[in-house]
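Protein chains in written order, with the working numbering: chain U, 631 to 956; chain V, 631 to 956.
Fair warning: there could be bad hints in the mix.
[Claimed, not checked] Derived lysine-lysine pairs resembling DSS-like cross-links, with alpha carbons at most 25 Å apart: (1) V:K727 x V:K842; (2) V:K911 x U:K911; (3) U:K814 x V:K727; (4) V:K814 x U:K727; (5) U:K955 x U:K637; (6) U:K732 x U:K814; (7) V:K732 x V:K911; (8) V:K911 x U:K814; (9) V:K814 x U:K814; (10) U:K637 x U:K727.
[As the list claims (entries may be wrong)] Simulated restraints, written as ranges between beta carbons of each label pair: (11) U:A813 x V:V923: 28 to 38 Å; (12) V:E763 x U:N671: 50 to 60 Å; (13) U:P781 x V:N855: 25 to 35 Å; (14) U:T952 x V:R901: 46 to 56 Å; (15) V:E921 x U:A761: 25 to 35 Å; (16) V:A787 x U:G640: 23 to 33 Å.
[Claimed, not checked] To give a feel for the contact side, a few chain U residues facing chain V, derived at Cβ under 8 Å: (17) A685; (18) L742; (19) A764.
The hints are simulated quantities; they were obtained by calculation from the structure and are not laboratory data. On a predicted model such as this, the values are computed, not experimentally measured, just so you know. Yeah, the Cβ is synthetic: ideal placement off N, Cα and C, and Gly gets one too.
There are 2 protein chains.
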Amino acid sequence: MKLASLKTGGRDGTLIIVSSDLTRAVVVADIASTLQFALDNWPDVSSGLTGVANAMESGTVENEFPFDPADCAAPLPRSFHWVDGSAYVNHVELVRKARGAKMPESFWREPLVYQGGSDDFLGPRDDIVVASEAFGIDMESETAVITGDVPMGTRAADAGGYIQLLMILNDVSLRNLIPGELAKGFGFYQSKPSTAFSPVAVTPDELGDGFKNGVFNHPLKTQLNGELVGEPECNVDMTFNFHQLIEHVTRTRRLGAGTIIGSGTVSNYDRSRGSSCLAEKRMLETIEHGEPVTPFMAYGDRVRVEMLDGNGNSIFGAIDQTVTKS
Amino acid sequence: MKLASLKTGGRDGTLIIVSSDLTRAVVVADIASTLQFALDNWPDVSSGLTGVANAMESGTVENEFPFDPADCAAPLPRSFHWVDGSAYVNHVELVRKARGAKMPESFWREPLVYQGGSDDFLGPRDDIVVASEAFGIDMESETAVITGDVPMGTRAADAGGYIQLLMILNDVSLRNLIPGELAKGFGFYQSKPSTAFSPVAVTPDELGDGFKNGVFNHPLKTQLNGELVGEPECNVDMTFNFHQLIEHVTRTRRLGAGTIIGSGTVSNYDRSRGSSCLAEKRMLETIEHGEPVTPFMAYGDRVRVEMLDGNGNSIFGAIDQTVTKS
Numbered sequence: 631m632k633l634a635s636l637k638t639g640g641r642d643g644t645l646i647i648v649s650s651d652l653t654r655a656v657v658v659a660d661i662a663s664t665l666q667f668a669l670d671n672w673p674d675v676s677s678g679l680t681g682v683a684n685a686m687e688s689g690t691v692e693n694e695f696p697f698d699p700a701d702c703a704a705p706l707p708r709s710f711h712w713v714d715g716s717a718y719v720n721h722v723e724l725v726r727k728a729r730g731a732k733m734p735e736s737f738w739r740e741p742l743v744y745q746g747g748s749d750d751f752l753g754p755r756d757d758i759v760v761a762s763e764a765f766g767i768d769m770e771s772e773t774a775v776i777t778g779d780v781p782m783g784t785r786a787a788d789a790g791g792y793i794q795l796l797m798i799l800n801d802v803s804l805r806n807l808i809p810g811e812l813a814k815g816f817g818f819y820q821s822k823p824s825t826a827f828s829p830v831a832v833t834p835d836e837l838g839d840g841f842k843n844g845v846f847n848h849p850l851k852t853q854l855n856g857e858l859v860g861e862p863e864c865n866v867d868m869t870f871n872f873h874q875l876i877e878h879v880t881r882t883r884r885l886g887a888g889t890i891i892g893s894g895t896v897s898n899y900d901r902s903r904g905s906s907c908l909a910e911k912r913m914l915e916t917i918e919h920g921e922p923v924t925p926f927m928a929y930g931d932r933v934r935v936e937m938l939d940g941n942g943n944s945i946f947g948a949i950d951q952t953v954t955k956s
Numbered sequence: 631m632k633l634a635s636l637k638t639g640g641r642d643g644t645l646i647i648v649s650s651d652l653t654r655a656v657v658v659a660d661i662a663s664t665l666q667f668a669l670d671n672w673p674d675v676s677s678g679l680t681g682v683a684n685a686m687e688s689g690t691v692e693n694e695f696p697f698d699p700a701d702c703a704a705p706l707p708r709s710f711h712w713v714d715g716s717a718y719v720n721h722v723e724l725v726r727k728a729r730g731a732k733m734p735e736s737f738w739r740e741p742l743v744y745q746g747g748s749d750d751f752l753g754p755r756d757d758i759v760v761a762s763e764a765f766g767i768d769m770e771s772e773t774a775v776i777t778g779d780v781p782m783g784t785r786a787a788d789a790g791g792y793i794q795l796l797m798i799l800n801d802v803s804l805r806n807l808i809p810g811e812l813a814k815g816f817g818f819y820q821s822k823p824s825t826a827f828s829p830v831a832v833t834p835d836e837l838g839d840g841f842k843n844g845v846f847n848h849p850l851k852t853q854l855n856g857e858l859v860g861e862p863e864c865n866v867d868m869t870f871n872f873h874q875l876i877e878h879v880t881r882t883r884r885l886g887a888g889t890i891i892g893s894g895t896v897s898n899y900d901r902s903r904g905s906s907c908l909a910e911k912r913m914l915e916t917i918e919h920g921e922p923v924t925p926f927m928a929y930g931d932r933v934r935v936e937m938l939d940g941n942g943n944s945i946f947g948a949i950d951q952t953v954t955k956s
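With the hints as constraints, model all of the structure from the sequences given.
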């Protein structure tokens, strides 16, 4: 089942079910008016939603309309909890290496996470509005899961059942604000503006083996102005899978329904796969040439993030955003 | 006007208006069923809510019932954005001093903030549930504002009008998890479990001069098992007022209605005022005696946080919580 939120209808949007091939959609207001409502009441509404999705695939749904990602907010236009991991530790290792710092050994054993702004997500085709190019505007292409209610102290072995939906995202980062912010010791805030999500969120069963044991089994493709930035495999070099991330984030708290957990920038040791952000590309250039060659994004630049299945079909639809001045 | 949320009615509670003396309450479902709904639609609903509040003060409201903070969730039982400042920089300076580290000069010029968990707030009388006393369980007594929608790039001079409501809170902290987490460089996560809020949220006009120019003008009182921990003045040694905090947090993003901004631990240089957390008390002991004497909280301990006005009346009602094992 694929779910999305139209921008119309209020701050939480209007829930729609989207056909598997992303061409058609239908409003399901009689079952759940918003995705947050659906997640809040998942045991009561999921079978009804699945019924509509199945009818849609067999062509027996009334009031269908053509699906257009440009009409969509993020699947959750706002959320009560957005926590982003750094599960591809080789990416973190590289960041450190570029600035001549050794990464603590513990980073391989315990996940790094930060909590991101969740009151103002961007839709898949929304502009990335930034006050200054000098902030160092970058994309970070990632995968994510949306959970139901998860108890405190959940173990990785039990975590799979709490994953309701899957997405991809662009964790927009302002690179030149990061060093100053991290130096203060409290983590990211100004350096992580609104995050953008894929047009649709998808139930794990829809991916089959494409999502297994808390890992996505497809490459994630990032393009800038039509040029490939990278296409690393999500299932390669992922140090912590989503089950392990759930164990980590529930150590001292519960998670409310609709919590979004991100993988962090997808990154492979195999550099021929490219990168999921410009910072990584610049770090590799720095290590090789002593300084970066690739600039960060400029106003007018267009970033596209997409995951294709084995048959070349888009699973979540494309994030396709233009950088603009505020 | 004073507003609260009953625990009944769903994940976002049931909005009630509470009498100024905190003795009586009334449901206002015909105007706004939840506080989040009220904040989402503030221009449309605030005059209606004020009308009920005024009628309540003049004793002409029907269906009143006795107000009991034990029936309350946090005013916002969950929120889309909870960002906590560290506006009392002398507290930060002290933390550093206790571990022999100098605080960067820039901390006096630019606010420190971190984003806290907002999907699972505690009500004013809810237990603080922690898996282990070894985590170093501490209170942090703070003040907070709730904003409406705030544009990106808001200046401090224009920020006052975006503050809709005021609260006090207990930013529960797990001290022994903090050093390891901060060492990783991404800020707090496991070390900051669910935050507890006062029974009611109050419009700024209700405080008169008690809230002016983005500063609270009353002391904030913290008690542990009936003993005073501290009663520092909120308007003394506050390096950044709430208007300045709003400027800081909107530099690169908008704030959605219902964003909660915290002051950080209230702290005065005048040590006779005591502290708003045990960590500060322990740091002062460490500086004086070489090691802390006061232990962190244990199971069964009871923490109470309250702000009284000039006449000794409770403005927000008391946060009164017991530490229990999960």
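(request) Output the numbers, in ascending order, of every earlier hint that fails for this structure. (result) 1, 2, 10, 12, 15, 17, 19
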